[in-house]
Amino acid sequence: MTYQNTLPNRVPDSFSRQRTLRHVFELQRMAKTSSHVSEKEKGTFLYSTFDALFSADTRRADIQTRLFTKKPYTRYMINALVNISLTLYFEGSMLLTAPISFLCVMTIFPGLIVFLLLIGVCLKIFMENMGGKELGRTMSERYGKGSVSYLLSKETADTVLATLPILGKPAEPLSAASSRHRTFDMAIAETAAALSALIYERNSDKIQEAFEVCKKALEANEVIDPTDDIVTPTEKKMKQLLWESEVGVRSVAEKWGLSFTGISELKSVGGPFCGMFWSDTEPFIVIAFKGTTVTNYREFLVDATLQRTDARPFIFGSTHQGFYESVFPTSGSEDQGDPYSAILAAIHSKAKTLQQNLQITTPIQVWITGHSLGAAMSSLLFARFLKCPEDLPATLCTLRDCYVIGAPAVGDSEFASNFASFSNNPVSRSSTLWRIINQTDIVCRLPPGYNSRTIGHFSSKSDFFNYCHVGIGIKLESEDSKTPVSIHPSSYQPAMQVTIDTKNCLPLPGLPRECQSVNTTEPVLDPFDGLPPWMMTILEYPYIKKMLISWLAKYDHNPLRAVESLYPVFLKDHIPYHYHEGLERAKAYYTTKV
Numbered sequence: 000m001t002y003q004n005t006l007p008n009r010v011p012d013s014f015s016r017q018r019t020l021r022h023v024f025e026l027q028r029m030a031k032t033s034s035h036v037s038e039k040e041k042g043t044f045l046y047s048t049f050d051a052l053f054s055a056d057t058r059r060a061d062i063q064t065r066l067f068t069k070k071p072y073t074r075y076m077i078n079a080l081v082n083i084s085l086t087l088y089f090e091g092s093m094l095l096t097a098p099i100s101f102l103c104v105m106t107i108f109p110g111l112i113v114f115l116l117l118i119g120v121c122l123k124i125f126m127e128n129m130g131g132k133e134l135g136r137t138m139s140e141r142y143g144k145g146s147v148s149y150l151l152s153k154e155t156a157d158t159v160l161a162t163l164p165i166l167g168k169p170a171e172p173l174s175a176a177s178s179r180h181r182t183f184d185m186a187i188a189e190t191a192a193a194l195s196a197l198i199y200e201r202n203s204d205k206i207q208e209a210f211e212v213c214k215k216a217l218e219a220n221e222v223i224d225p226t227d228d229i230v231t232p233t234e235k236k237m238k239q240l241l242w243e244s245e246v247g248v249r250s251v252a253e254k255w256g257l258s259f260t261g262i263s264e265l266k267s268v269g270g271p272f273c274g275m276f277w278s279d280t281e282p283f284i285v286i287a288f289k290g291t292t293v294t295n296y297r298e299f300l301v302d303a304t305l306q307r308t309d310a311r312p313f314i315f316g317s318t319h320q321g322f323y324e325s326v327f328p329t330s331g332s333e334d335q336g337d338p339y340s341a342i343l344a345a346i347h348s349k350a351k352t353l354q355q356n357l358q359i360t361t362p363i364q365v366w367i368t369g370h371s372l373g374a375a376m377s378s379l380l381f382a383r384f385l386k387c388p389e390d391l392p393a394t395l396c397t398l399r400d401c402y403v404i405g406a407p408a409v410g411d412s413e414f415a416s417n418f419a420s421f422s423n424n425p426v427s428r429s430s431t432l433w434r435i436i437n438q439t440d441i442v443c444r445l446p447p448g449y450n451s452r453t454i455g456h457f458s459s460k461s462d463f464f465n466y467c468h469v470g471i472g473i474k475l476e477s478e479d480s481k482t483p484v485s486i487h488p489s490s491y492q493p494a495m496q497v498t499i500d501t502k503n504c505l506p507l508p509g510l511p512r513e514c515q516s517v518n519t520t521e522p523v524l525d526p527f528d529g530l531p532p533w534m535m536t537i538l539e540y541p542y543i544k545k546m547l548i549s550w551l552a553k554y555d556h557n558p559l560r561a562v563e564s565l566y567p568v569f570l571k572d573h574i575p576y577h578y579h580e581g582l583e584r585a586k587a588y589y590t591t592k593v
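Start counting the sequence shown at 0; every next residue gets the next number (numbering that gives the first Met the number 0).
Please note: incorrect hints may appear among the correct ones.
[Said to hold, decoys possible] Straight line, CA to CA, 25 Å or less: simulated DSS-like cross-link-like pairs of lysine-lysine:
1. K153 x K254
2. K205 x K215
3. K205 x K235
4. K153 x K70
5. K123 x K153
6. K215 x K123
7. K214 x K235
8. K481 x K571
9. K132 x K571
10. K571 x K474
11. K254 x K205
12. K70 x K205
13. K123 x K214
14. K502 x K153
15. K254 x K502
[Stated by the list, open to error] Taking CB as the label site, the calculated pair distances span:
16. I537 x V81: 38 to 48 Å
17. C387 x I548: 57 to 67 Å
18. A170 x K481: 29 to 39 Å
19. I548 x F569: 26 to 36 Å
20. Y566 x D479: 14 to 24 Å
21. P388 x F457: 43 to 53 Å
22. Y88 x D528: 56 to 66 Å
23. L173 x T137: 45 to 55 Å
Treat the hints as calculated values from the structure; they're not laboratory data.
Cβ coordinates follow ideal geometry from the N, Cα and C atoms, glycine included.
The task is simple: from the sequences and hints, build the whole structure.
Right, dumping it as structure tokens:
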């Protein structure tokens, strides 16, 4: 996706230098006093330095550190094999008590090990040896506006701008009589969906390049000290790359009346990450997590880590290991990364700044959103705030709702039970997790689980299917359905009366697709221009080229739209654009009904 850059090419002064970088000093001390530093230890400090500089504008006091692992697949394979071994040792009786679950553990985990190895090899060959990386960049720059043009539309900008004052308003207090009633705000849902889609537009290549610059500099024993008044060429280069990586997000957010900054890389470089949106005129913050990118292998590994881990150190129950370890520190591990502390420090810092700038003493409203993998991590962050509201000081900020788009299940029956319990403690608590589901979206049905309070009571903690959804599900139905929305609360959630509210929505501009239509005045580009040599060789066959031209003509000669048409419907429904369509249909229905 390409944007006209209206932001300054120079890194602004507000992108400040990190003032505390204790791990840089530790690396320097180790280099001076000891020659017995392992490559693993060096990697840890290189990673911490990079992440600290990346998060410079948050000015957090405690820098997260984490282990830079060159072989994430090896770690995934070892964890999966350990899980199989422990299941055989401690839960061998599952063969008799839960044979289907036992069979799944013994087949799905080995199958994923082989499948992900093949995916990794194929991606590496295609991206690095067959021109895939350049092809992807070219297609994105030339045709990227096709499927996500609604982010650039005036209608979306107007919707978000109109919602900003709503996000800054305090929640209406709930009484005991109204505690079983919740309101799903369609305007906030559309804004959350737009923000969770926009955060995908960060340039991860720039992040990787900045990390390599930092890594090479420290390996060469270059001194990088952000606490002094000297800006080294390396530091200047890194800051420029980090600034450029977020231009795609900032340029659109600026049109929506929002500012944006990245907060944490979540233990990986250029993969899933956490960012923050805020308004300079309204007292709110939106924490957004990026979801899965189809070409990012590390994100596939996070998604496929189906085994659960004990989540009680920070939340409750057992949760999907890949999701949990992306957000919270890992106990008893060499990985010292602490994304949660970075996120928390960023919220505190920005909330204080907003209170000062807006000259208010009322708390800043904190919202959370994300799509796909980002939705899973959003759910875990929300769960932490439910369990420990003290992490958000009442005088500084207050937790509002979490709108997750296309979220998978994240925890077991104990997690879901405790989540519901904390959601109702106290009974007047209004903070709600809204789980938006689009028709047949397969991700919303993964990992496979019982999702039943009754079965969850009897199933063992190690049961493969012991996964349950949380919050209140808002399912966007098909156009043929009687109503465009159906309500699906978690099986652990008490019965709720849910109102679909559209009073904050702008008047409908017309049919939902009108605001997504591609500008037909743009010239038709040659879809075969810029293809790798091996593809051009295939196109030398007249029959193949003629067939492709005919096929692309059905999709306005846009290769990205043509490829998307090949997706099965359960994958199409997971794309953010189709969530936007579903929300537009629901808005039209309830606005007309009112």
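Now for the hints, and whether the structure bears them out:
{"no.": "1", "hint": "K153 x K254", "verdict": "9 Å, holds"}
{"no.": "2", "hint": "K205 x K215", "verdict": "15 Å, holds"}
{"no.": "3", "hint": "K205 x K235", "verdict": "14 Å, holds"}
{"no.": "4", "hint": "K153 x K70", "verdict": "44 Å, violated"}
{"no.": "5", "hint": "K123 x K153", "verdict": "39 Å, violated"}
{"no.": "6", "hint": "K215 x K123", "verdict": "23 Å, holds"}
{"no.": "7", "hint": "K214 x K235", "verdict": "14 Å, holds"}
{"no.": "8", "hint": "K481 x K571", "verdict": "22 Å, holds"}
{"no.": "9", "hint": "K132 x K571", "verdict": "23 Å, holds"}
{"no.": "10", "hint": "K571 x K474", "verdict": "15 Å, holds"}
{"no.": "11", "hint": "K254 x K205", "verdict": "23 Å, holds"}
{"no.": "12", "hint": "K70 x K205", "verdict": "21 Å, holds"}
{"no.": "13", "hint": "K123 x K214", "verdict": "22 Å, holds"}
{"no.": "14", "hint": "K502 x K153", "verdict": "20 Å, holds"}
{"no.": "15", "hint": "K254 x K502", "verdict": "23 Å, holds"}
{"no.": "16", "hint": "I537 x V81: 38 to 48 Å", "verdict": "44 Å, holds"}
{"no.": "17", "hint": "C387 x I548: 57 to 67 Å", "verdict": "59 Å, holds"}
{"no.": "18", "hint": "A170 x K481: 29 to 39 Å", "verdict": "32 Å, holds"}
{"no.": "19", "hint": "I548 x F569: 26 to 36 Å", "verdict": "29 Å, holds"}
{"no.": "20", "hint": "Y566 x D479: 14 to 24 Å", "verdict": "20 Å, holds"}
{"no.": "21", "hint": "P388 x F457: 43 to 53 Å", "verdict": "32 Å, violated"}
{"no.": "22", "hint": "Y88 x D528: 56 to 66 Å", "verdict": "58 Å, holds"}
{"no.": "23", "hint": "L173 x T137: 45 to 55 Å", "verdict": "52 Å, holds"}
Going down the numbered hints, you'll see the structure goes against 4, 5, 21, while the others check out.
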